[in-house]
Amino acid sequence: MQFKTSTAALRDANSRILIDLAKKDSRIVVLDSDLLNASGLAAFNKEFPGRTFNCGIQEANMAGAAGGLSSMGLIPVIHSFASFASRRMTDQVFMSGVYAEQNIKILGTDPGAANSANGGTHMALEDTGIMRSMPDITIVSPTDETMLESILPGIIETYGMFYIRLVRKSSIVVYEAGTNFTLGKAHIARPGTDITIIAEGAIMVPEALKAADRLEQLGISARVLDMFTIKPLDREAVISAARETGAVLTAENHNILNGLGSAVAEVLAEERLAVPFGRIGFRDVLGQTGTVPYILETYGMDAAHITEAAKKLVSEKVQAGSRI
Amino acid sequence: MTIYEKKELDLLAAKIRLQSIISMASYGSGHAGGVLSLAEAMAVLYGKVMHYDSANPQMEDRDRLVLSKGHCGPVLYAVLALEGFFPLEMLKTLNANGGNLPSHSNMHKTPGVDISTGSLGQGSSLAAGIALGMRLRDIQRFTYLILGDGECDEGQVWEAALFAAQRGLGNLIGFVDWNHQQLDGYTDGICGLGDLERKFMDFGWDSRTIPGHDVEAVYDAVVSAQAVKDKPSMIILDTVKGKGWSLTEGKPNVHHITISPEQLTEAENEIGTVIRNLEKETAAARQGNL
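Residue numbers (the working numbering), protein chains in the order written: chain A, 1 to 324; chain B, 1 to 290.
Honestly, I wouldn't trust all of these hints.
Now the in silico label distances, taken between C-beta atoms and shown as ranges [what the hints assert, rightly or not]:
id, chain 1, residue 1, chain 2, residue 2, range
1, A, P49, B, K251, 51 to 59 Å
2, B, G99, A, K24, 39 to 47 Å
3, B, G189, A, D136, 53 to 61 Å
4, A, A8, B, D202, 41 to 49 Å
5, A, D136, B, N100, 40 to 48 Å
6, A, A8, B, G99, 48 to 56 Å
7, A, G73, B, S54, 20 to 28 Å
8, A, S133, B, G99, 55 to 63 Å
Only part of the chain B face toward chain A is listed, based on derived beta-carbon distances under 10 Å [to be verified]:
id, residue
9, G121
10, I139
11, Q140
12, R167
13, V223
14, L247
To be clear, the hints were calculated from the coordinates, so they are not data collected in a lab. Every residue, glycine too, gets a C-beta built ideally from N, C-alpha and C.
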């Protein structure tokens, strides 16, 4: 399966959409941590220099200052790499954001494998886990520009804490222009009846779709569910997937602990949906340098591994019979 | 400042002390040391300096206060109650089940609390953000920040100091309650802070050190700081931990203490006497007899 590519990387699309929104809404301000040129938000700075604040290399202060700005009625969009937007400012996100019930949009770029050029230090494999442990944060993992275009206005307009995992340089086109997405509702990227692959983000949704193609060659019909809102999780979509396809495989660009796979497992267990279930992702290990394809292959996360895992789950389903 | 004004603020400070102790005693314990060292600063801020409306705590055109040493909530609650934000009786619900006066201040529970604090260091960034927000929204008011001296161990204080200086936030006025002690002992013996006044100066702030229990000195310092338009200001309050109560003043290990009903009675007698004397002096000063 070959994907088209967009002319704009996701970071540039993100800036373009933010600039459009900021032209209409003077409350939107941007804070970055000496990464304006990496985040693509330099374009926002060019358009709105008086509403862009480069904090320097100080993520904790950036998150705290955003809490203060929010309390004054502004809508701060703050950026760092996902590793630092989570690990480096967890207490500030909690105390100055969540606990103070503020309105901050946290942009964490290049989660997981996306930052493998910088290696294990910069690969956020735990950012979703950190964020989903705190109440009232919506976690969003956009798949492509079309989705970002559809959901970013709602993220800005909805009061509250948001964490956006954005793969900066991805330009893969997964969805046709104009497709609408609803925050909190999973999107069926591909229909299927034998198993559901629940995936997130610009790296794993394409891999899941490639795997679904391969599975089709093998006579297995795989549904691909794009769970771009990781929290709050679309429980109904998970329940339907289990009931309608009888097997579930998650695919996330994150540690399999505390991320999408864990969230789905919680629903399956709580709903007594004892279907064959598996998780694709970093298996509680550290990251390393390498290209994205190398990382995905090495850590067992590419389309080939997803295909094998799905095949196995479908065979278990046949052996066990229906248990739901 | 006239003698009458000074006496009036001294009186308010004594009332803040007593009401803080009553509040902490209702729960049985509290951060008495750092609460009592702040009484004069709170009296000057809420008694003379800050623009607010206790009947309309959310009034947009108001000064904001960030009590970054959030564990000293009781001193803020005492002055808010004395200034009419809520009834004095409510001070006896400190840390109560389901109550609205948590030991660390919460903007969504207590009328008059401008921002939630409790994790040390974060108030400095919140205050910088609020001051910047005031500028962006063209609100011509001041943001006041209160830090503890032990709190200055936190790196975030210095991140925020750089951030505020870089943006020339003249509407940000901070205080360090330099009471020389933190939870485990004297600040000099734990993580020596050196010359705080000089440090803030080097970080690009206007900075001065004053006797923190002298209401006139505190007021004059705030007026001077307000006149500094192109940079944030820091006022180092040289204070005594546990000030104004013989049980705690200048004593070691008074960061957090238990308070028995008997000790509350002693405080009511001791500080009650101070209050009655100050009331007489205030009345005399009003008539020009002091």
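Here is what the structure says about each hint:
{"no.": "1", "hint": "P49/A <-> K251/B: 51 to 59 Å", "in the structure": "53 Å, holds"}
{"no.": "2", "hint": "G99/B <-> K24/A: 39 to 47 Å", "in the structure": "42 Å, holds"}
{"no.": "3", "hint": "G189/B <-> D136/A: 53 to 61 Å", "in the structure": "41 Å, violated"}
{"no.": "4", "hint": "A8/A <-> D202/B: 41 to 49 Å", "in the structure": "44 Å, holds"}
{"no.": "5", "hint": "D136/A <-> N100/B: 40 to 48 Å", "in the structure": "20 Å, violated"}
{"no.": "6", "hint": "A8/A <-> G99/B: 48 to 56 Å", "in the structure": "52 Å, holds"}
{"no.": "7", "hint": "G73/A <-> S54/B: 20 to 28 Å", "in the structure": "22 Å, holds"}
{"no.": "8", "hint": "S133/A <-> G99/B: 55 to 63 Å", "in the structure": "26 Å, violated"}
{"no.": "9", "hint": "G121", "in the structure": "8 Å, holds"}
{"no.": "10", "hint": "I139", "in the structure": "8 Å, holds"}
{"no.": "11", "hint": "Q140", "in the structure": "13 Å, violated"}
{"no.": "12", "hint": "R167", "in the structure": "8 Å, holds"}
{"no.": "13", "hint": "V223", "in the structure": "24 Å, violated"}
{"no.": "14", "hint": "L247", "in the structure": "32 Å, violated"}
Taken one by one, the earlier hints fail for this structure at numbers 3, 5, 8, 11, 13 and 14, listed in ascending order.
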